[in-house]
Every structure is written in C-alpha cells, then in structure tokens.
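Construct the complete structure from the given sequences, taking the supplied hints into account.
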Amino acid sequence: MDPTPQRQPGPVTVRPTGQVVSPRGELTDDHWGEVPAVIRLDGTVYGEEALLGLADFSHLEVVFHFHRVPEDEIETGARHPRGNTDWPLVGIFAQRNKDRPNRLGVSRCTLVKVDGMELHVLGLDAVDGTPVLDIKPYLREFGPRGELRQPQWSAELLSEYY
Numbered sequence: 001m002d003p004t005p006q007r008q009p010g011p012v013t014v015r016p017t018g019q020v021v022s023p024r025g026e027l028t029d030d031h032w033g034e035v036p037a038v039i040r041l042d043g044t045v046y047g048e049e050a051l052l053g054l055a056d057f058s059h060l061e062v063v064f065h066f067h068r069v070p071e072d073e074i075e076t077g078a079r080h081p082r083g084n085t086d087w088p089l090v091g092i093f094a095q096r097n098k099d100r101p102n103r104l105g106v107s108r109c110t111l112v113k114v115d116g117m118e119l120h121v122l123g124l125d126a127v128d129g130t131p132v133l134d135i136k137p138y139l140r141e142f143g144p145r146g147e148l149r150q151p152q153w154s155a156e157l158l159s160e161y162y
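Just so we're aligned: the sequence shown equals residues 1 to 162 in this note's numbering.
Treat the hints as calculated values from the structure; they're not laboratory data. Accuracy of the hints is not assured; some may be wrong.
To be verified - Per label pair, the in silico range of CB-to-CB distance:
hint	residue 1	residue 2	range
1	128	61	27 to 33 Å
2	92	118	31 to 37 Å
3	154	47	38 to 44 Å
4	68	153	42 to 48 Å
5	12	89	26 to 32 Å
To be verified - Each computed SDA-like pair below joins lysine to any residue, with the alpha-carbon atoms no more than 25 Å apart:
hint	residue 1	residue 2
6	98	76
7	113	44
8	98	115
9	98	55
10	113	52
11	113	73
12	136	33
13	136	72
14	98	123
15	98	68
16	136	19
17	98	25
18	113	40
19	113	49
20	136	35
21	136	5
22	113	13
23	98	40
24	136	82
25	136	88
26	136	13
27	136	24
28	136	15
29	136	4
30	136	49
31	113	35
32	98	11
33	136	79
34	113	131
35	113	65
36	113	162
37	136	60
38	98	53
39	98	88
40	98	82
Built from N, CA and C at the ideal position, the CB exists for glycine as well.
Okay, here's the thing in structure tokens:
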C-alpha cells in the first residue's frame with residue numbers, strides 16, 4: 001500500500017436525470033412496498049432512446065437525493081436508528097438513514113412499465129419531487145455473493161419497511 005497521503009477530491013457536481021412523482025409526500029419510514037411512483041426523465045436532456053431496452057428488466061436501482069433533509073440535520077457520527085434507544089448506537093455509514101453526509105439514497109424497485117419518458121415503478125422509497133440522479137437496471141450478477149450478514153436490530157427496523 002502506498003504510504004503517501006492522498007489529497008481529498010474536490011466537489012462533485014451531479015445533475016438530476018429526472019424526478020419522482022409519487023402519492024407519498026411525507027417523509028415516513030415504512031410501508032413502501034405497494035407504493036406506485038413514476039420516475040419522469042428530464043426531456044430537455046434525454047430522449048426516449050435513453051430508455052431503449054430498459055423494459056426488458058424487472059427491477060431498477062435508483063440513485064436519488066434526499067433533497068428535503070436540511071444541512072443542519074446531516075449526521076456525520078453515530079446515532080440510534082430512528083432515535084430508538086432499544087437499538088444500538090451505530091455510525092451513519094452502518095445504516096441507511098436519509099440524514100447522511102451527501103444525502104444520497106439508493107433504492108431497488110420493481111419496474112412496472114416504461115411509457116415514453118416515464119418509468120412506472122413499485123416500491124421506490126422516495127417521496128414526491130425527489131431528484132433522481134441515476135437509474136440502472138438491476139442485474140442478478142451485481143447482487144451480493146456469499147452469505148449475507150446483518151445485525152438483528154436492522155431486521156427489526158425494516159420489518160414493515162416494504
């Protein structure tokens with residue numbers, strides 16, 4: 001390993017590729033599984049050809065920005081998930097909370113249909129108006145390899161998430 005200290009990279013600029021249209025506008029934690037939503041692509045930048053072949057996939061990975069989290073609520077240390085002291089104090093990178101340093105979310109959802117510049121999905125845990133930064137087809141080969149491991153508190157926390 002190179003012992004030379006590495007410079008921190010500069011800021012990264014991203015532009016939304018689209019926006020979420022959803023009946024859910026409140027920042028709530030559970031029951032996302034049957035929530036229908038639409039990802040509406042920015043038609044000033046992308047044409048329908050950007051979506052060619054996407055309808056052949058059953059699921060998507062969507063990267064989005066938690067745009068409604070104020071900067072002063074960003075967590076950089078540790079906290080109890082959902083503020084529940086029955087669960088352990090864990091670092092922000094050991095949880096998937098919205099109050100993370102760069103306010104980036106990643107979600108896997110079901111692709112119902114592609115309709116022009118709109119992707120109709122189920123189970124996207126992003127509220128109405130959320131900026132979408134990237135969309136990728138979910139590929140089995142990019143899923144985890146080997147046995148999965150996670151703490152019990154996380155299974156309890158997510159028992160009603162979807």
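Here's how the hints hold up against the structure:
1. Checked against the given bound of 27 to 33 Å, the beta carbons of residue 128 and residue 61, roughly 20 Å apart, lie outside it.
2. Evaluation of the 31 to 37 Å hint for residue 92 and residue 118 yields a pass: the beta carbon distance comes to about 33 Å.
3. Checking the proposed 38 to 44 Å range against residue 154 and residue 47 shows it holds: the Cβ atoms sit about 41 Å from each other.
4. A beta carbon spacing of about 26 Å between residue 68 and residue 153 contradicts the range 42 to 48 Å that was offered as a hint.
5. In this structure the supplied range 26 to 32 Å holds for residue 12 paired with residue 89, their Cβ-Cβ distance being about 30 Å.
6. A hinted pair counts as satisfied when its Cα atoms are at most 25 Å apart, and residue 98 with residue 76 qualifies at roughly 12 Å.
7. Straight-line distance between C-alpha atoms of residue 113 and residue 44 comes to about 21 Å, which keeps the hinted pair within the 25 Å bound.
8. Distance check on the hinted pair: residue 98 and residue 115 sit about 29 Å apart at the alpha-carbon level, beyond 25 Å; violated.
9. At roughly 29 Å between alpha-carbon atoms, residue 98 and residue 55 are farther apart than 25 Å, so this suggested pair is violated.
10. Under the criterion of a C-alpha separation no larger than 25 Å, the hint pairing residue 113 with residue 52 is consistent with the structure, at around 12 Å.
11. Taking the CA atoms of residue 113 and residue 73, the gap is about 36 Å. The hint is violated against a cut of 25 Å.
12. Proximity of residue 136 to residue 33 is assessed by CA-CA distance (about 19 Å); at most 25 Å being required, the pair is judged to hold.
13. For the proposed pair residue 136 and residue 72, the alpha carbon gap of about 31 Å is over 25 Å, so the pair is violated.
14. Distance check on the hinted pair: residue 98 and residue 123 sit about 17 Å apart at the alpha-carbon level, within 25 Å; holds.
15. Restraint check for residue 98 and residue 68: satisfied, since their Cα atoms lie roughly 9 Å apart, inside the 25 Å limit.
16. In summary, the hint linking residue 136 to residue 19 is supported, as the alpha carbons are separated by about 15 Å, within the 25 Å threshold.
17. Pair hint residue 98 plus residue 25 holds up; C-alpha atoms about 15 Å apart against a cutoff of 25 Å.
18. A C-alpha spacing of about 12 Å is found between residue 113 and residue 40, which places the hinted pair at or below 25 Å, so the restraint holds.
19. This hinted pair checks out: residue 113 and residue 49 have alpha carbons roughly 15 Å apart, not beyond 25 Å.
20. With a C-alpha separation of about 20 Å, the suggested pair residue 136 and residue 35 falls inside the 25 Å cut-off, and the hint holds.
21. Our distance criterion of 25 Å between C-alpha atoms is broken by residue 136 and residue 5, whose separation comes to about 34 Å.
22. Using a Cα cut-off of 25 Å, the hinted pair residue 113 and residue 13 is violated, with the two alpha carbons roughly 30 Å apart.
23. A hinted pair counts as satisfied when its Cα atoms are at most 25 Å apart, and residue 98 with residue 40 qualifies at roughly 22 Å.
24. Among the hinted pairs, residue 136 with residue 82 is inconsistent with the structure: their alpha-carbon atoms are about 29 Å apart, more than 25 Å.
25. Note on residue 136 and residue 88: the hinted pairing is violated, with a Cα-Cα distance of about 33 Å set against a maximum of 25 Å.
26. Simply put, residue 136 and residue 13 have alpha-carbon atoms about 19 Å apart, close enough for the 25 Å limit, and the pair holds.
27. Between residue 136 and residue 24, the direct Cα distance comes to roughly 23 Å. Compliance with the 25 Å bound is thereby established for this hinted pair.
28. At roughly 16 Å between alpha-carbon atoms, residue 136 and residue 15 fall within 25 Å of each other, so this suggested pair holds.
29. A threshold of 25 Å between alpha carbons decides the hint, and for residue 136 with residue 4 the separation of about 35 Å lies outside it, so the pair is violated.
30. The suggested pairing of residue 136 with residue 49 holds, with an alpha-carbon distance near 15 Å, which does not exceed 25 Å.
31. Between the alpha carbons of residue 113 and residue 35 the distance comes to roughly 15 Å, so the proposed pair stays at or under 25 Å and holds.
32. With a C-alpha separation of about 20 Å, the suggested pairing of residue 98 with residue 11 holds against the 25 Å cut-off.
33. Pair hint residue 136 plus residue 79 does not hold up; C-alpha atoms about 31 Å apart against a cutoff of 25 Å.
34. Proximity of residue 113 to residue 131 is assessed by CA-CA distance (about 20 Å); at most 25 Å being required, the pair is judged to hold.
35. The straight-line distance between the Cα atoms of residue 113 and residue 65 is roughly 23 Å, inside the 25 Å bound, and the hint therefore holds.
36. In summary, the hint linking residue 113 to residue 162 is supported, as the alpha carbons are separated by about 20 Å, within the 25 Å threshold.
37. Proximity of residue 136 to residue 60 is assessed by CA-CA distance (about 6 Å); at most 25 Å being required, the pair is judged to hold.
38. Taken as a hint, the residue 98 and residue 53 pair is broken in the structure, with Cα atoms around 31 Å apart against an allowance of 25 Å.
39. Restraint check: the Cα-Cα separation between residue 98 and residue 88 comes to about 18 Å, which is no more than 25 Å; the hinted pair holds.
40. This hinted pair checks out: residue 98 and residue 82 have alpha carbons roughly 10 Å apart, not beyond 25 Å.
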